[in-house]
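Chains as they are written, first to last, in the numbering used here: chain D, 165 to 1162; chain C, 16 to 103.
Quick caveat, the hints were computed from the structure, so don't treat them as lab data. The beta carbon of each residue, even a glycine, is placed where N, CA and C say it ideally should be. Take the hints with a grain of salt, since some may be wrong.
Have a look at the derived ranges for each label pair, beta carbon to beta carbon [what the hints assert, rightly or not]:
1) 1144/D - 37/C: 46 to 56 Å
2) 766/D - 65/C: 51 to 61 Å
3) 79/C - 719/D: 42 to 52 Å
4) 949/D - 52/C: 21 to 31 Å
5) 648/D - 98/C: 24 to 34 Å
6) 79/C - 601/D: 21 to 31 Å
7) 37/C - 275/D: 34 to 44 Å
8) 708/D - 34/C: 48 to 58 Å
9) 1032/D - 40/C: 50 to 60 Å
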Amino acid sequence: MSEKFRLDKGGLINRNKKISFKFNGKKYFGYEGDTLASALIANGVHLVGRSFKYHRPRGFFGAGVDEPYAIVQMNRNNEVDPNVRATEQELFEGLDAKSVNCWPNVDFDIGAINNFLGKFFPAGFYYKTFMWPKSFWYKVYEPIIRKAAGFGAASIKHDKEKYEHKYEYCDLLIIGSGPSGLASAYAAAQNGAKVILAEDKSRFGGSLLTSEVTIGNQSGHEWAEKIISELKSMPNVVVKNRSQVFGYYDHNMLVMSERISDHLPKTDKYNPKQRLWYIRAKEVVISSGSIERPLVFGNNDTPGVMLSSAAKEYLKIYGVLVGKKPLVFTNNDSGYETAIEFKKNGIDPIVLDTRKDPNSEIIKEAKDLNINIKNSYVVVAAKGYKKVNSADIAKISDDKKNINNIENIKCDCICVSGFWTPTIHLASQSGNKTKFNEEIDAFIPSQSKQKETTLGSANGVFTLEETLKTSFETGNKLSKQITNKENKVSVPTVVEKKYSNHDKFWCVPLPEGKNYKRFLDFQNDVAVSDIQLALREGYRSIEHVKRYTTLGMATDQGRTSNLNGLQLVSDIENKVVPQVGHTTFRPPYSPVSIGAIVGREIGKHSKPTRKSPMHYWHEKNNAVFVDAGVWLRPRYYKRGNENLFEASKREARNVRQNVGVCDVTTLGKIDIKGPDAAELLNRVYTNAWLKLPVGKARYGVMLREDGIVMDDGTTTRISENHYHMTTTTAQAANVLSHLEYYLQLVWPELNVNVVSSTEQWAGAAIAGPKSRDVLQKLFPDLDVSNKGLPFMGYMEGNLFGINAKIYRISFSGELAYEVNVESDNGNYMWEKIMEIGKEFNIQPYGTEALSTLRIEMGHVAGSELDGRTIPYDNSLEGLVSKKKDFIGKRSLSKTAYIAPDRQKVVGVVPLDKKTSIPEGSYIVKDAKAKLPNPKLGHVSASCWSVEYDNPFSLAIIKDGKNMIGQKLFAMSPLKNKTIPVEIVSSHYVDPKGERVRS
Amino acid sequence: MLHIKCPHCGLRSQNEFSYGGDASVKRPELNKEVSDKDWDNFVYLRKSPIGKHLELWQHISGCRQWIKVERDTLTHEIFKTLKANEEV
């Protein structure tokens, strides 16, 4: 297919490189340097999508980030990419895109029936219609609305692309590379400041790429290229294109998304697709320019109606005509630039100017070129369904209230210009109190809250001379404050055309008897009539009008719709625009992909993975791992065809009968030193610590100030002023912070230091009746008899040449020891234990067997210490000292905590001794009681008791103390199970604790 | 993201710190009688002021020191940062 709308020459595209691409399955070609939009327009394609609500045909309205319609779905290198703006997507070989929001296709879209039902879809339609019956919401309304909503569909596959995050600091971040961005960057760079210049498009230069101006002795475009190449060569400047600064956050932190690979058919091997930059800037210069405002008239959404600046950009950058019979509808001089550009390329435009008798340099130029100009004329309505084919135009009265002499003229595009709206989104996000500028009918930044300055047309300055002057000055001033250097550059002379004043007219009245839709928000299909209705229904605040009508809520953030919406509200309300105010601008300025936000923190990288020094031994020995916080721990060691249940039973039974070894490296360890260490422990733990002798360990429980159990563990007195504390794996970091809090803030007089030593020690728990035999062979020189190393004893030893610390502590309830060696020696220790333990039938055991062992012993752990229980609930009240004060003690006398029927941990056994009770089951008195069935408590942990060979669970239930022997029910609605159970003591095995002392 | 000047380490990003609540809260002394009301105030009740607020932060991924930060809760302006033992 030939490119009927491509000019023979001109533009900044590379005509030597043809590129073929597909749109809606059809093959086209364009050139390197095209966007998908420019290439489609060159091929005469204007129908690209269907509108959000009414499914009206939609084409192109802008030429960049301002585009509200042309959102497409891309298929790039077998990955789906939704929500792509065709005006921003650069063309690459093999690009494959399709329209969204239409079915079965964009040409024939069944949803377009909504357009004819339009009167049934007024503002607030959803709020009014789907209110009742309530039961319809989930099953009927929501699925239909979901199906109808949204542009494009995300992939449900894992995204193969890589995304990165980068943190950067700079003196000046300059956003936008138009004249003000280039001038301020250049001046700041000369003063030695570290500058980042960010441009969201692929080409630098902003308005200089399309305007007819001279700077010094060069064209604007040449000057921009020269400045950019100089900036690129400076070591203190980072220049980035395809980079959108989309969010301005606290303390001058800005976030920028850099599209590194989206313009390529495929991401290069070592590159990410996109990179998210977190930039902390000392000063921010916002030179984001301005966006042309639409004029509002009937059917102003028809494909072929577009911004006049966009038409000019397609001509000047891409050498593409948006039409061959153009109508330019303008209220200011900008429209003439577009008209002149058409004329220069052999096309005869008609200019409709709402002004009665405008006069300026550029108008004179247009007249000299014999352009047909009609003053006091407006477009009443565009005609044509899938593309403009004519326009009803009319003369407008001087007071702009009446139109007459409506006539129809042929045209194939309507280029509209309603003057310019400064892009103040970032300034507003930073907290800038914007103000309304009557002269330009738009808001501009005023009082900065953070270190931010807005320059150029983003600040409402529309002459190049003034822009360059202030930008050079500002760049120099801001950087000088930071670097204390000044290397002033002179401001070049500028030749530009002078503009006359614009007309404040923005909305064409409806002709009598017609009810054309006049759109304000093109992406969300909000028309003038919707706003009128919202106000009739009593909405006043602009924030409410916005939410009720969805004005300005789409992905384009109201870039083209906001001000016209405000104008309308102020007209109806008889207020001035500043009184109406504008809605809050929020990040992101334009959509950011979820991939970029997540970066590399996906899958296993969502948090760090920690492995013990024995990890590879476990791997080699068929360990199946489980996540324990950030750690990987062996859950069980698989033998043959064993499953989890069989393997954990075997491992646990072997501990009860012979001896097992478990990797306990992950336990939190805190080294505590100082003359007041005992006093600290005495205040932190609920039991007494002042009299613990050197070489002894003690079990302790610590509370939060609200009396809830925070953590438990053993602490050993290594020497006079040195203690070794262990915490649970999960709470290690919190306990350290907790200790630091009290030492630094509450009791700074205590002379104690605490430091985490979790990573310094590798630990192995050797448990079972034969564990002493193993230990004796590991340490032949030591007296490890019950007398030499009693329960809760501690000694140091030499394990075949390495130093080891031996703690006689037990979690399994069996005779047990924990041996710690320096981490680097962990694997050596483990292999020695396995080698020596062989003759005693030693087996490694994982966390599942460990759980079984502790549950049937009634030892509480994380599932009971769940942040909701006090010592009593866990049968730990014996460890609560009555004599001394400690953290959280005062809370323990709360009424609820001392209630006679206070909850307590109990054991639960199914009556049939066969059915395992799902964890989380409720314990109830009567399984058949009416719902909601009052619950007595819940099952916190379940196992298969290897001692008795039947299921056993722990539960925390109301009045647990008096429930022993009761026959109750465990109910799991989730698993649809009701199990008759008997309540027993939580200490199911060895209730007197004789084994650990044997 | 806030930029907090740790009095020990210098200016660092918020993600190195963890928040610790109102710095003006004083824990009742140990071994002293405390009324239910006073204890309840200490454990649970916190003011939620608009404007200046003296709060605790811990430089958890840095020097691990608890510090005091005087911050405007509305604008996030930080007026002052102090070591644990310093008073405003």
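Checklist entry - Which hint numbers doesn't this structure obey? => result 2, 4, 6, 7, 8, 9
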